[in-house]
Structures are given as structure tokens and as C-alpha cells.
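Trainee: Sequence:
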Amino acid sequence: MALPYELLIGLRYTRAKRRNHFISFISMISMLGIALGVAALIVVLSVMNGFQTELRGRILAVVSHIQISGASGEMTDWPHVAAQSVAEPGVLAAAPFVQAQGMLSFGQSVRGAMVRGILPDFEGKVVDFGTHMKEGRLDALMPDSFNIVLGSELAHALGVFVGDKVTVIAPQGVVTPAGVIPRLKTFTVSGLFEVGMFEYDSGLALIRMEDAQRLYRMDDRVSGVRLKLNDLFQAPAIARQLANRLDTAAYISDWTRSHANFFRAVQIEKNMMFIILSLIVAVAAFNIVSTLVMAVTDKQADIAILRTLGASPGSIMAIFMVQGALIGFIGLGLGIAGGVTLALNVDVVVPCIERLLGTQFMSKEVYYISNLPSELQWKDVSTITGVSFVLSLVATLYPSWRAARVNPAEALRYE
0 MALPYELLIG
10 LRYTRAKRRN
20 HFISFISMIS
30 MLGIALGVAA
40 LIVVLSVMNG
50 FQTELRGRIL
60 AVVSHIQISG
70 ASGEMTDWPH
80 VAAQSVAEPG
90 VLAAAPFVQA
100 QGMLSFGQSV
110 RGAMVRGILP
120 DFEGKVVDFG
130 THMKEGRLDA
140 LMPDSFNIVL
150 GSELAHALGV
160 FVGDKVTVIA
170 PQGVVTPAGV
180 IPRLKTFTVS
190 GLFEVGMFEY
200 DSGLALIRME
210 DAQRLYRMDD
220 RVSGVRLKLN
230 DLFQAPAIAR
240 QLANRLDTAA
250 YISDWTRSHA
260 NFFRAVQIEK
270 NMMFIILSLI
280 VAVAAFNIVS
290 TLVMAVTDKQ
300 ADIAILRTLG
310 ASPGSIMAIF
320 MVQGALIGFI
330 GLGLGIAGGV
340 TLALNVDVVV
350 PCIERLLGTQ
360 FMSKEVYYIS
370 NLPSELQWKD
380 VSTITGVSFV
390 LSLVATLYPS
400 WRAARVNPAE
410 ALRYE
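Residue numbers (numbering that gives the first Met the number 0): 0 to 414.
You can trust all of the hints, since none of them are fake.
Derived lysine-lysine pairs resembling DSBU-like cross-links, with alpha carbons at most 35 Å apart:
1. Lys164 <-> Lys227
2. Lys227 <-> Lys269
3. Lys133 <-> Lys184
Because the hints were derived from the structure by calculation, they are not lab data.
Can you build the whole structure from these sequences, using the hints too?
Mentor: In C-alpha cells:
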């Protein structure tokens with residue numbers, strides 16, 4: 000099938016050797032600029048996706064997908080609530096917990112912390128503490144053992160190691176004739192965990208649930224129940240369903256609400272990076288304007304001849320739009336190929352650059368995430384492709400319109 004002559008002439012103009020080599024140079028710069036901008040967009044957004052996934056995984060290693068807390072801060076019949084919750088489609092497991100503020104003391108060091116009482120057998124089904132244990136095991140939290148597992152930063156601040164004894168002080172005191180005396184209990188450090196989030200590594204301590212109930216005088220009551228879901232992104236919907244199903248007064252919160260500000264900030268930062276880096280593509284795309292303006296000036300005689308042969312202004316405009324679109328398409332193809340390749344091999348490329356330069360971009364002593372995680376999402380690639388191609392097409396409009404307005408008589412006067 001014969002191609003439209005506008006397409007054929009536009010392709011010929013693109014690959015033809017021009018008398019003015021500066022036009023070819025500007026075309027090449029435009030292609031490389033678009034390729035660089037597209038590749039940068041793909042790599043940066045992939046790295047941000049990787050960071051978001053990595054941080055979400057570390058947060059959910061400590062925080063459950065859904066947390067059901069007693070309306071008054073305490074829950075009396077947690078097995079009934081757990082059974083009702085697990086019966087909801089999408090809920091995999093439930094675990095009770097006791098959570099309260101406490102002070103930890105060792106020698107002259109005192110630190111405040113969130114003390115969480117757990118049942119290790121249940122807790123292991125809800126969160127993945129086991130893979131984040133640096134020393135000891137979570138199973139060491141046996142009944143009446145009064146063992147405690149500390150975050151690595153909290154243990155470092157207190158100066159304790161596995162086997163040391165720390166004093167846990169509960170804020171609720173005991174009223175005596177001599178005044179209010181705080182309740183305290185000595186616990187043996189049986190393990191250390193590190194999830195890579197300073198908030199938890201420096202401020203969370205785990206003890207056996209029965210020990211927490213005894214320390215905080217909760218009898219057989221708990222603070223609530225924590226749930227694990229089959230699909231963590233269904234947490235808001237399942238939380239709403241549980242609110243209607245449960246026959247117990249309770250406060251239900253999912254992980255998207257408990258860390259809403261954090262994830263919203265990450266998403267806003269990703270959107271802003273997309274806008275900022277899109278300006279690189281826009282600058283490169285609008286280099287096509289100068290390329291085509293010079294091409295129109297260079298081809299005025301050809302335009303005049305085509306007009307005298309019967310070509311319409313729309314056809315002339317289409318010829319130069321094809322030429323500009325092809326420049327953008329080639330640059331876009333190079334950028335996608337380079338960006339996808341680099342995004343899929345960030346874990347190999349970055350260490351090579353670090354060894355070459357003799358430095359480390361993200362030191363383990365400073366950052367909890369010492370490598371650059373990358374997660375390529377094809378949705379982002381398609382969005383970048385669409386935006387970049389539209390910018391390239393928009394850049395061709397003015398030069399093409401200018402070419403369509405060339406007067407054949409004026410163009411051929413001095414030929």
C-alpha cells in the first residue's frame with residue numbers, strides 16, 4: 000500500500016544530508032536531550048518506587064496491616080474479636096497485644112520506649128520479626144520468664160547486651176502512705192532486633208503478653224488485636240467491612256492511616272520529581288523548534304515547488320511534523336531503552352561506580368538503606384513515554400505552521 004507523500008518527504012528530509020550541517024547537529028542534540036531526560040525520569044522514578052517498597056516492607060515488619068484497639072484502650076474478649084476478624088475474607092491471621100509506655104533503666108542510662116506485650120506464636124503470623132532478629136530469638140519470650148527483646152538502637156542507647164538485666168518502669172504508680180511509688184520489674188535481655196526504621200529500633204521493646212498484663216495490671220485484658228491480610232493494599236476496604244461486622248466497640252486503624260503522612264509525603268515527592276525532570280524532556284523537545292525553524296528556512300525553495308505542484312498548506316505542515324516527530328521518536332526510543340536497562344541494573348551499576356570513584360554514596364553508618372533499591376513499573380514508563388511524545392509533537396506545531404505560510408512567489412524570487 001502506497002504511503003502518503005507527506006510521510007515519504009518528511010522521512011526523506013530527516014535522513015537526507017543537509018547543506019547546513021548545523022541543522023543536523025541541532026537535531027542530534029535534540030535527540031540526545033530527549034533520550035537523556037526520558038532515561039533520567041525512568042531511573043529516578045524506579046529508584047523512588049524501590050525506596051517506597053523497601054520502607055513499606057520495613058514498616059510492615061513491625062506494624063500490622065490492620066489494628067483493632069479497644070474503644071476504652073482495653074479489650075476484654077480478644078479471642079472472640081480475633082475469631083470474627085479471621086472469618087472476614089482476606090484476613091490471614093490475628094494476634095493479641097498489650098501496648099503501653101514505659102521507662103527502661105540500666106545503670107545510669109534511662110530511656111523511654113513503647114513496651115509491647117506479645118504472644119510469639121501468634122505474633123509471627125502477623126509480622127515478620129523473626130528475620131530481623133540480630134541476636135537471640137523471639138521464642139525466648141516464655142511465660143513468667145520476664146525476658147525482653149529490644150531494638151538495636153534502644154539497646155545501644157542503654158548500653159546493654161544480651162544477658163543483661165534492665166528495669167522496666169510503668170507510669171502507673173502504686174499509692175502508699177509514703178506517696179505514689181512507680182511499679183517496676185527487672186527483665187533479662189534475651190534478644191535484639193533491627194528492622195531498619197529508627198522509630199522502632201530506638202523506641203520499641205517486646206515482652207511476653209502475660210508479663211505485660213501483670214506489669215500494667217490488666218488481668219486478662221489486652222490492648223487490642225493485630226491482623227495480617229492476604230493483600231495489604233485491601234487494608235482500607237477490609238477495615239471498613241470489619242467496622243460493620245464486629246459486635247464489639249473498637250477502634251480500627253489500617254497501615255495506610257497510621258502512616259498516612261509518611262506515605263503521602265513520599266508520593267508528593269515522587270510527583271514533584273516527575274514534574275521537575277519532565278522539564279528536562281520539555282527543554283530537549285523544544286530544541287526541535289529551532290531545528291525545524293532552520294529546516295524550514297533551508298527548504299523554502301522545496302516548499303514553494305511543492306505548493307506550485309498543488310500541495311496544500313496542511314500537507315506542508317504534515318511534512319515538517321513528521322520530521323520533528325521522528326526526531327522525538329528516535330530520542331524517546333533511545334531514552335526508554337537506556338532508562339529501562341539502567342533501572343533494571345541499578346544494583347550492579349551503582350557499586351561499579353562506587354568502586355571506580357573509591358567512595359560510597361550511601362554509607363551504612365549514616366543510612367539504614369545502604370543500597371539503591373529499584374522497582375521498574377511499566378505504568379510509569381508508559382506515562383513518561385506518552386508525555387514525552389506529546390511534548391515532541393507540540394514542539395513541531397509552530398515551525399510546521401510557519402512552513403505552511405511560505406509564499407511560493409517570495410520563496411522562488413531569487414532562485
